[in-house]
Each structure stands twice: as structure tokens, then as C-alpha cells.
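J.: Given the structure of chain A, go ahead and fit chain B onto it with the hints provided.
Here are the chains, one letter per residue:
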Amino acid sequence: MRRPSTLALSGEKRGLARALLLATALAGCDCPSCEEAKGVNGWCNTCSTGYVASLEVPSFELFETLDAHGHDIDPARISCASCQKAIEDDGLCEVCRMGYVKGQLYMSPLTYYLARSELRRVSDISCATCRENAAAWGWCDSCGVGRVGPYAFASREDLKGARRAIDILKGSLARLERCESCAVASFAGGRCPECDIRYRDGEAVLE
Amino acid sequence: MNTARIAGAVLVMAVGIAALAGPAEAGSHLWKINEVFSSDDGTIQFIELHECCGAAGEIYLTNLLFTSKATGKRFRFPETLRGSTANRYLLLGTAAFAALPGAPRPDYIIAPEFFSTTGDTLWYSEQRNYDRFVFGTGDLPTDGRTSIQVTDFRLDRFTTGKNSPTNYRGETGSVELMDALFQRGDCNDDGKMDLSDPISLLSALFLTSAEISCTDACDANDDGEIDISDPVAMLVFLFLSTRPLPAPEVCGADATTEDPLNCRAFSGCP
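Here the protein sequences line up with chains A and B, keeping their order.
The first sequence begins at 1 in my numbering and counts up by one.
The second sequence begins at 208 in my numbering and counts up by one.
The set of hints was computed from the structure by calculation and includes no laboratory data.
Given the structure is predicted, the values throughout are model-derived calculations rather than measurements.
Take these hints with a grain of salt, some might be off.
[As the list claims (entries may be wrong)] A short, non-exhaustive set of chain A residues, derived as facing chain B with CB atoms under 10 Å: (1) His71; (2) Asp141; (3) Gly189; (4) Arg191.
Using N, Cα and C, we set each Cβ at its ideal position, and we do this for glycine too.
Chain A with its partners taken away, still in its complex shape (with noise of 0.2 Å):
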């Protein structure tokens, strides 16, 4: 898998990453900057891995793909009138397979159901249908919340959207052994340049 040169780190740093490291176990504890990135679903330049709904994507290519976060947009200049009408309702445009949160552009539906969530560690959770939903997923009738991972959705609409995000992108990551374009393409539903395989909704499609 490629990684990024840009991101490598120097002599001095992986000095001081060794260094970083063995503090940490010293004092017990995972990598922080991986715990860190997963918390903001960003990179960790120490292990060179990033982390999206809490699962690592070792593929800087594929981590850039996924582009999670939120993008600052010009309603005005935006001609597609399914968008327009998605940034008034914070909604998904299934046209351009993209979505807005808050006036910000989401370049995905898995990007799109995360920005709609809230973040909560498992161990703050007092139900225990709650913590079980967690540990997979579900929607807890109690509490009208649903779970994936540690994301809590308020719409059982969004829990099955993010499900399905999710899901497409855990295939994405099972592509990468084989073909990192594929699981590019896969997540984008694009093509493979390099195996001339198109995906959509996660699937390779016949053409």
C-alpha cells in the first residue's frame, strides 16, 4: 500500500516517535495520536494510518477518498437544484451522492450520516440496550437512539443510512489487499482505472 512521502516522517522525529511510544507504554496507554485521529476521523502520521467510523483505513489514497469532513460551500454558485434543496433540509442530494450538514458539504453519504451523529464513548452509555447497539448496531426504542459503534443516530432513517455507509466501506477496505484503486473506486463509486472495473453503491457492476 502506498504511503504518502509527504507525510513520512524524518530521522528526528521517528526518534522521537520511538521515544513518544515508549512513554506511552510506560505509562500504559495506546498510540495517542491514533487515538486522537480516531477521535476527529483524521490520520496519525505516527503509524501512518487513519481511522473513519472508528475503522482503521491503512491507505493514505483511500483515507483521502473518504474525505471526512465537512467542506465551507457558496450556496449561490451551486446550480444543482437536488443540492439546493438538501442544503435547506440538511439532506442528502442522491443526484450528486452528496450531502449538507449545517451549510457544510459532506462528500458522501458515510460522511453525511457521521456529521449527523454524535460521538459518545461507550462507557458513558447507561442502557444496556444502548451499550449492546453499540457493540454492533441497532435502534434502542427506549431511548429513541440509534447505534454504530460509538455513533448515536436520532433517526432510525439515519442508522440504516449509516449502516449501509459503513458497511460499503468495510468492502472498500477488504478490496485494498487485492487492488487499492478498487477500493478507492469502490467507496466512490467510480471506476478502476487499473482494472477497468466500475462500482456502484459498493458493488462492481457488468458494463
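T.: Okay, now just chain B, sitting in the frame of chain A:
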């Protein structure tokens, strides 16, 4: 002792995180390759990028590379953009393109023959693979008028049409590379029309598939196509008819411009 050890570890952690984290690396990945144009010799080229999605903050281009896989040539974006980027364009063009009438001023100048005319992979930020466009042999028109226009950046789908480059300021235009003057019927460009012209055309059509630099000259009946009717028209003119071939009879331009034929070079005319 344990407290001191833990405190020391925490201190190292804090320092380490600060040293390793660095500033957030903002990436402007919503620019997509939108239009590609080239002359047949590659000296006149442009690439147009388009901000795909209405995002206003795609300004962080500094040190990102735009790359041609076939030629290995690279362009490094020098600086951050200014203003809202939503739905705007960036134009990379060669100096020869910039000098053409009708060409909007490129935002950036790229080297001549930056990309291959016979198939290439163009990358916006090869380092981060923000966008990649692949075209094959025969995909890129080089008639001096037509460009590749991407219709779906996810699937590398495109169409071809009259070029229409636009720059960041929103200035748009179109270029048309002028054809050379030629003599109708002098298909082998030897300065005269005789039996060697239909023979060379028949050879190109059926034997050698040799490239014709001035298809207009070989289009003896000016029907916009090069086929068997052209050597027939030449032979009729040479041996049976006194009626001239369609203009130009001597050095001139093709009055019929709405066909795909052109005249890239013709040495028999100034």
C-alpha cells in the same frame, strides 16, 4: 518514584504530540480535471480544472503537483488561491496557447508538450490522488478546434466538442488553429496534380494507412470524407472532365469548414 515516572511519561507524551502533530495539512481536493486540449504537435495545450461541488474554500494548492504520467512532466502550484472557489475554474496552458487570439489568459503556464496526445494519465495532485483522468490513443482530438470535455469525473466519462477554456477570473474563450493553405487534389503535396496523387491516396486508403498531413487536399470532391470517391474524382478530372475540382484550385483555404478534415501542413503553399 512511580508518580515521577508517570509524570515523566506524560510530559514526554505532551511534547511528543506537539512535535509530531504539526499544522493540519489542508488539501483542496474538489478541483476536477474538466477539459483537455492539444494541437497535434503538443505545443499548444491547455488543461482546465473545475471546482466540482460548490465548495468555497478549495484554495490550498501550494506545492501540489499536476502531473502527466506519459511525459513525466510536472507543474507545481505556487501559492494559495484567493476568493471563493465555488464552481470556479483554473486554467493551465502552454505559452503558445496563451498567445493565441481568443485564448483567455491561463492562470498558470505549463511546459510545451506537457502531456501526450496519444494517450495519458493526468493527475491533479499525484501525491494525494485528488483527481485522475485517463484517456487512450485516439481519444484526444488534435484538429485544433475540439477538446475533451469530462462529463463524469468519477467514471472518466467524457465527450468532445468545441474548446471553451475558462480561467479563475471567469474569462472564457475559444481557440481555432488555422489550417495551412493547400491545392485541392495535390494529395501527395508535390506541387502539382497528376496521376501520382490518386495513386498515393489509394495506397494510403488500402495499403499503408499512412498518415495524411493535409486531408483537405485529398478530399477531391470536398464532401468532407476521405474515401474511394476521392481518387475517382481525381482520375475523372485528370482524364475525362474539363471541370475543375472544388476550390482551392491554387493555394487557398478550404471554404468548407464544417467537416472534420483539416490541413496541418502543406509544403507546396506559403
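J.: Hint by hint, say whether it matches the structure.
T.: A quick look at each hint next to the structure:
1. His71: Because about 4 Å separates His71 (chain A) from the closest Cβ in chain B, which is inside the 10 Å limit, the hint holds.
2. Asp141: Nearest chain B Cβ about 38 Å off; hint violated.
3. Gly189: Where the cut-off is 10 Å and the nearest Cβ of chain B is about 6 Å from Gly189 (chain A), the hint holds.
4. Arg191: holds, 5 Å
Hint check: a violation occurs at hint 2 only; the rest are consistent with the structure.
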